[in-house]
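Residue numbers (my numbering), protein chains in the order written: chain A, 1 to 577; chain B, 1 to 307; chain C, 1 to 334.
Check the hints yourself; a few may be wrong.
Covered stretches of chain C, going by a simulated chain A footprint (3 or more residues, C-beta under 8 Å) [what the hints assert, rightly or not]: (1) 10-19; (2) 64-78; (3) 83-92.
Across the chosen pairs, the derived CB separations fall in these ranges [said to hold, decoys possible]: (4) B:124 - A:344: 42 to 48 Å; (5) A:344 - C:95: 49 to 55 Å; (6) C:62 - B:51: 51 to 57 Å; (7) B:214 - C:321: 32 to 38 Å; (8) B:86 - A:106: 53 to 59 Å; (9) A:524 - B:74: 39 to 45 Å; (10) C:59 - A:194: 53 to 59 Å; (11) B:57 - C:10: 53 to 59 Å; (12) B:51 - A:303: 46 to 52 Å.
Derived from the structure by calculation, the hints contain no laboratory data.
Cβ atoms here follow ideal geometry from the backbone N, Cα and C, with glycine treated the same way.
Below are the chains, spelled out letter by letter.
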Amino acid sequence: MPESPMPHAPTPESTQPTRPTRRAFTLASLSVAALATASACAKSDRDSGGSGESSSSGGSEVDTFVFGGSADPDSLDPAFASDGETFRISRQIFEGLVSTKPGTTELAPGLATKWTQSQDGLSYTFTLQQGVKFSNGKPFDAAAVVANFERWYNLRGLAQGEDLAYYYRSIFRGFKTNDDPALTTSLYAGSTANSDGTVTVNLTTPFAGFLASMTLPAFGMQETGAVEAGGGNGTDGKDPRQSAYATTGPVGTGPFVFSAWERGQQLTLKRNDAYWGDKAKVATAIVRFISDGTARRQALQNGDIDGYDLVAPADVATLKGADFQVQNRPAFNILYLGINQAFPGLGDLKVRQAIAHAIDKDAVVKNSLPEGTKAATQFVPDNVIGYNKDVTTYAYDPDTAKKLLAEAGQANLSIKFNYPTGVSRPYMPNPETIYKAISSQLTAVGIQITPVAEQWNPNYLGTVQGGADHGVHLLGWTGDYNDPDNFIGVFFGAQTNEWGFNDPGLFDALAKARTVTSEDAQTSAYEDINEQIMTLLPGIPIASPVPSLAFAAGVSGYTASPVQDEVWNTVAVSKDS
Amino acid sequence: MSALDAVGTTAEPDAEPTGEAGLGPWAAAWRRLRRNPSGIVGAVIVLLFVLVAVLAPVLAPYRPATGQWFGEVTPTSVPGPSAEHVLGLDSFGSDLLTQLLYGARSSLVIGVVSTAVGLAVGAVLGILAGGLGGWVDTVIMRIVDVLLSIPSLLLAVSVAALLGRNAVSIMLAISAAQVPIFARLLRASLLAQRGQDYVVALRSLGLRRRRIVVGHMLPNALGPVLVQATLVLATAVIEVAALSFLGLGAADPAVAEWGRMLVTAQGRLEQAPQLAVYPGLAIAVTALGFTLLGEALREALDPRSDR
Amino acid sequence: MLTLIVRRLGLLVLVLFGLSILLFAWVRALPGDPARALLGQKATPAGIAEVTARYGFDKPVWQQYLTYLGRLVRGDFGASINTGQPVLSTFTERFPATIELSVAALLLAVVVGVPLGYVAARRRGGLLDNLAVGGSLLGVVVPVFFLAVLLKYVLSIWLGWFPTSGRQDARIDATHVTGFYVLDGLLTREWDASWDALKHLVLPALALGSIPLAIIVRITRASVLEVLSEDHVRTAQAKGLARSVISRRHILRNALLPVSTTLGLQAGALLSGAVLTETVFSINGIGSYLFDAVNQLDYPVLQGFILFIALVYALVNLVVDVSYGLIDPRVRVS
């Protein structure tokens with residue numbers, strides 16, 4: 001800010017030689033005009049690989065697909081990532097053994113064409129796709145699969161950290177040598193490349209969600225030779241995400257290869273012409289980083305990008321009205337009001353029930369969530385195994401809420417309400433609006449709210465998950481793969497600071513259900529657990545918001561996936577000339 | 001002669017060449033001020049602003065930031081003007097007119113407090129430096145130089161980052177940037193006066209240094225300080241908006257504060273532009289008022305403006 | 001002349017020294033463990049141990065400060081908590097974008113502001129004069145980010161004349177040599193890339209330049225008015241000499257000195273404006289870098305930023321003072 005808008009002008013008394021501005025002005029405007037003319041007429045001196053045009057009826061095919069991402073990826077190595085932006089890009093470069101049917105959570109062949117599971121659930125054998133090569137020419141075979149599993153298993157030091165190997169830790173629970181005291185025995189018991197070209201992976205205990213977890217982008221197959229050469233294992237004590245491999249040299253089998261990364265601006269991918277499957281329809285895919293949701297929408301409207309993710313609920317109608325395509329991702333997430341039972345008053349079940357009755361979920365959905373969102377009755381969305389149709393519900397009833405509060409002796413309950421700012425998640429598009437909706441409902445039954453707003457990054461998660469000083473809070477979860485353990489196992493598998501309660505019965509039930517091997521047994525086990533949870537009411541599940549993507553009219557072939565398994569080789573862009 | 005024309009000029013053809021001879025400096029300044037149309041406009045705006053801020057509880061139809069009509073707001077629409085709500089609602093379901101009126105209050109409080117704190121601390125530093133001289137002066141001025149070398153927004157940000165997201169930290173953050181300005185101002189004024197005849201005369205009479213400074217030099221410095229304070233108030237209102245934009249404002253997003261309202265309104269610019277226009281206009285007009293007034297004060301207090 | 005430069009450089013060093021102490025104290029004053037503060041969200045026991053060892057948090061304070069100073073001198077300004085990238089290298093990567101934008105904004109302000117202020121002063125009281133003064137007042141009181149949003153909305157979304165964000169169209173496969181995209185296009189003779197970059201600069205430059213423009217208009221106008229009312233000019237007019245004879249050049253020359261002084265003062269204000277403008281237009285300069293750092297309380301970045309900016313700011317002011325001294329001999333003597 002200027003100190004003062006109007007500093008005094010000193011009075012010079014002698015004439016000083018200075019460049020006449022008039023001449024400079026004329027010069028400037030002439031050169032701008034020259035530039036404009038030159039660009040319009042002259043041929044550029046570089047080879048035009050960017051926008052080759054081939055005409056077809058109705059419009060011309062464009063060779064580039066520009067997608068609006070919300071932030072730079074953490075790195076280009078998905079093994080050390082947990083954020084959607086890194087995965088969005090890694091899904092184009094890397095592939096896993098197992099994939100999903102487009103638009104669903106159903107398993108489908110990936111780099112493995114078929115698989116068998118042993119009776120005891122302790123080993124899985126994968127038959128691999130033939131003739132696949134990594135982008136650096138090395139072959140993808142059973143040995144490569146083993147190399148990948150062994151790479152993860154042998155990670156040491158910083159690379160084992162929760163902020164790095166997050167998914168490996170959450171699925172496999174431990175490494176060969178655990179450097180972090182929080183880790184236990186690994187689920188992984190070794191793997192072998194069989195003589196017939198198949199690969200067998202062995203586990204120490206059965207894990208019902210193993211196959212589904214192999215669809216995670218963190219387990220994409222990488223060329224371990226390149227990883228090692230590029231310092232991608234963190235063996236030198238440095239952060240593997242800053243290694244040459246993870247910043248400029250990722251090597252995978254996918255339909256795109258990494259080309260260039262201009263931090264803060266965009267990341268460029270080029271078609272992999274040696275891809276074993278359907279080659280990409282566009283020659284170049286670019287992810288443009290635009291952090292503000294409104295700015296992304298404006299960029300789409302202006303033609304600067306061809307599509308973007310996480311459309312704000314308010315923008316859906318605007319875009320549809322202007323002939324843009326809006327695709328809904330099938331909801332695979334849950335938004336909840338977390339309750340910290342360590343906070344005074346919230347440890348009482350009656351109080352939690354009162355809160356449940358005070359909330360009008362339909363009103364919250366109508367006021368703050370996208371169209372098509374369904375209110376939630378339990379902590380898993382309705383398309384996950386173990387969803388219980390007949391679970392105990394708590395209807396919107398402010399009078400009952402007040403009665404329960406009075407019965408609990410908490411008619412004047414005063415609680416903290418933590419919510420994040422500066423963020424938009426698929427399950428929580430506009431936290432401030434959602435906070436407002438819920439807090440006014442709580443105030444209406446006499447609960448006094450003290451708002452605590454924190455920036456998502458770095459403080460919010462640290463407060464609501466890292467400590468005990470919070471009351472009720474807004475949070476949620478997008479499922480990574482189709483397994484209820486990925487939801488309620490994550491939330492309630494052990495005592496945490498977030499929920500503040502200790503219920504060994506529930507923890508044991510969840511641990512046991514994790515190891516069940518047949519789908520029927522899994523279903524009934526988890527249905528029971530969901531009922532158990534909704535009776536104990538550690539929190540209030542609110543809804544499963546429907547996130548959407550928006551595309552320009554000329555984009556085709558993009559199928560939204562509930563687990564964001566979206567590979568762009570099927571995407572074609574055409575522009576009306 | 002139009003009102004705007006008078007601002008920024010140094011020659012007033014209508015000024016009487018000798019008519020001010022009998023008046024003291026303050027009365028003469030007041031006279032000049034009265035004659036300055038843009039100064040009057042500025043003063044009126046400032047007066048209106050202060051009145052609205054003070055009388056907000058009386059003027060406003062409802063309580064602020066209640067969000068009680070949140071049910072009428074959807075992600076795609078915000079209710080506009082109606083019988084119960086003269087200007088409609090804001091995106092959190094509070095009455096927009098009430099929010100605007102109470103926003104004047106927060107702006108006034110933040111502006112006044114931060115300027116007062118900046119002035120107080122800066123003046124102390126400046127007086128010590130200018131009055132005591134010597135190594136005290138050098139040390140203090142080096143500290144001021146350090147503070148000045150950091151752009152004010154960054155300074156405000158550093159302070160706010162330290163103290164968290166609340167009203168007090170905002171006020172301190174903004175005043176931090178003003179301290180060096182006032183320090184320099186006071187010091188310059190004291191130094192300029194030190195050489196003047198009357199000071200020499202008073203010293204030779206045996207008056208203690210402190211008496212001279214407090215009793216005589218400070219009142220003479222009051223003029224420029226007043227001008228600077230007024231101008232700084234203008235920027236304080238704008239800086240609060242900028243800090244809110246950076247995410248350092250108060251915790252409750254529905255709070256009645258113009259900067260915050262402006263920032264939140266950006267998401268709904270196409271649906272409900274009035275949510276941005278009103279607070280934006282309010283900020284601009286208030287800052288304008290203080291700026292006009294400050295500049296008119298400067299013109300009025302500057303004896304050179306009689307030519 | 002030389003003594004002036006040497007003295008100012010000496011002062012600069014002193015100021016930076018003082019700043020480093022202040023910044024060091026600042027991080028230590030943050031609530032909680034400094035290692036945790038530096039690591040933020042990603043604090044793990046292993047990470048904390050590593051950072052504590054690297055920065056020496058377990059050693060006595062004065063030793064810590066010396067380590068800190070030593071790292072600074074070697075150019076190690078720390079690494080961002082968020083991206084892990086070293087602060088200094090990110091600065092140098094992103095600085096050209098901000099410079100390009102600032103230069104464009106200042107150019108706009110001078111090229112439009114000086115003639116406007118001049119004409120407004122020559123035709124005092126006229127419509128143009130009133131518009132200029134009124135407009136410049138507005139330029140100062142409307143918050144920069146609001147102006148940026150309005151410009152974007154009207155000129156880009158509604159009218160579609162300009163792109164909404166970024167520095168260059170993603171689909172143009174441009175070669176970048178210096179980091180100044182307009183210049184790069186010219187150097188590599190990719191005219192369309194240069195033109196495209198220029199189009200992307202217009203709106204942000206307009207928004208960022210609004211305050212300098214307003215100030216320059218007013219200063220030029222005031223300056224020109226002062227010169228016009230100077231005795232010898234009045235005498236010439238009284239004698240009946242045509243206004244055109246009273247050299248425009250003479251008046252302009254005198255008006256430009258205060259303008260150039262202001263340009264130096266604007267450096268700091270430009271940075272604040274750049275933070276807001278770059279964020280609205282998604283330009284990856286140091287302004288948006290600071291914005292992200294503030295949002296995420298990325299302390300190493302904030303620290304390094306303040307030092308870096310103070311250095312730049314002080315150097316710019318030194319250059320301005322020196323050139324002022326070169327132009328006006330009286331200043332050298334004082």
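Legend entry - Indices of hints not satisfied (ascending): 1, 2
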